Amino acid sequence: MQSFWLIVAGAVTVYSHVLLEKYAGSGPTLKWLLALSPFAPLLLYVRTVLRAIRAMDELQRRIQLEAWIFAAIGTIFATTAINVLHENGLLTMLFQPGLGLPGATVIMFLLLILGGFMANRHYQ
Amino acid sequence: MKETAAIAQEESTKSSRSLHKELKFNAWLAVATVTYLITLYLVRTNPDWAPALKVIVTLLPILPGLLYLRSGVKLLRSMDELQRRIQFEAWLFAAIGTVVVGAIINVLTANGIVWEKFPHGLEMGGTYLTMFLLWCLGTASATRRYQ
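Note that the protein sequences, when read in sequence, are chains D and H.
All the letters of the first sequence, read from the start, carry residue numbers 1 to 124 under this note's numbering.
All the letters of the second sequence, read from the start, carry residue numbers 1 to 147 under this note's numbering.
Don't read these hints as lab results, they were simulated from the structure.
Be a bit skeptical, because a hint or two may be false.
Unchecked claim - Among chain H residues calculated to face chain D with C-beta under 10 Å, some are:
| id | residue |
| --- | --- |
| 1 | P47 |
| 2 | L67 |
| 3 | L69 |
| 4 | A94 |
| 5 | G97 |
| 6 | T98 |
| 7 | N106 |
| 8 | M124 |
| 9 | G126 |
Said to hold, decoys possible - Calculated Cβ distances over 12 Å to all of chain D for the following chain H residues:
| id | residue |
| --- | --- |
| 10 | F25 |
| 11 | V31 |
| 12 | S78 |
| 13 | R84 |
| 14 | C136 |
| 15 | L137 |
| 16 | T139 |
| 17 | T143 |
Treat the numbers as computed from the prediction; the structure is a model and nothing was measured.
The C-beta atom is built at its ideal place from N, Cα and C for all residues, glycine as well.
Pulled out of the complex, with its shape left as it was, chain D reads as follows (with noise of 0.2 Å):
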């Protein structure tokens, strides 16, 4: 059940593109409620993760608070390197205008399993 929010993140992202899509000349307002309601169940899903790891014991804990730690600063690293690429106009042709929701979802997600991976054979 922990990845109830993640999945209805998912679904919300796909619906608010193609609605974006179909309202594209509507007003400010409605574009950003629709650009950024991924972010609602995001938030929920991050909050539940963290809850989560709060019940744990004392070494899960701190192997999942490492791993999580890990891939946060390791998708800020890689949005900020492409961001920064960008605003030197050397990345024309990729990741415009830098990494998206999904981008940052999958980088997350990948190197979350390698952070576990990682902080598993530290406490060993």
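Starting from the known structure of chain D, fit chain H onto it as the hints suggest.
Frame of chain D, contents of chain H only:
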């Protein structure tokens, strides 16, 4: 009397070691900031450089950033249990918060709801600043929780 003097000396040594660690930790942030400013200046004043060289120079500040992160992890591991937990929670809050802020800006730009101040999302300076502000907030919130 001797014991009191020994304890005071030990405390003083511990405090100077801790200060030295924190200075060493923050030195990498200063190096990252200076590198960022220099590379920004170099790339903007030399538009005729080869693209590969520009990419390398532009991404150079990430290196001291990673070293800053490594010293942060070392500092975290040397803390006592409570301090470590507070810092872990503060860093997680700051990191996830920065990812969310960056993603929001990129999503708005991608959908043509242009944010004139951030046409390329959060850049290096914006990312460091957002993370620092959220880290302060996260530390204050976690410290309050464990008081």
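For each hint given before, does the structure comply? Return the numbers of the non-compliant ones in rising order. The structure breaks hints 2 and 13; every other hint is satisfied.
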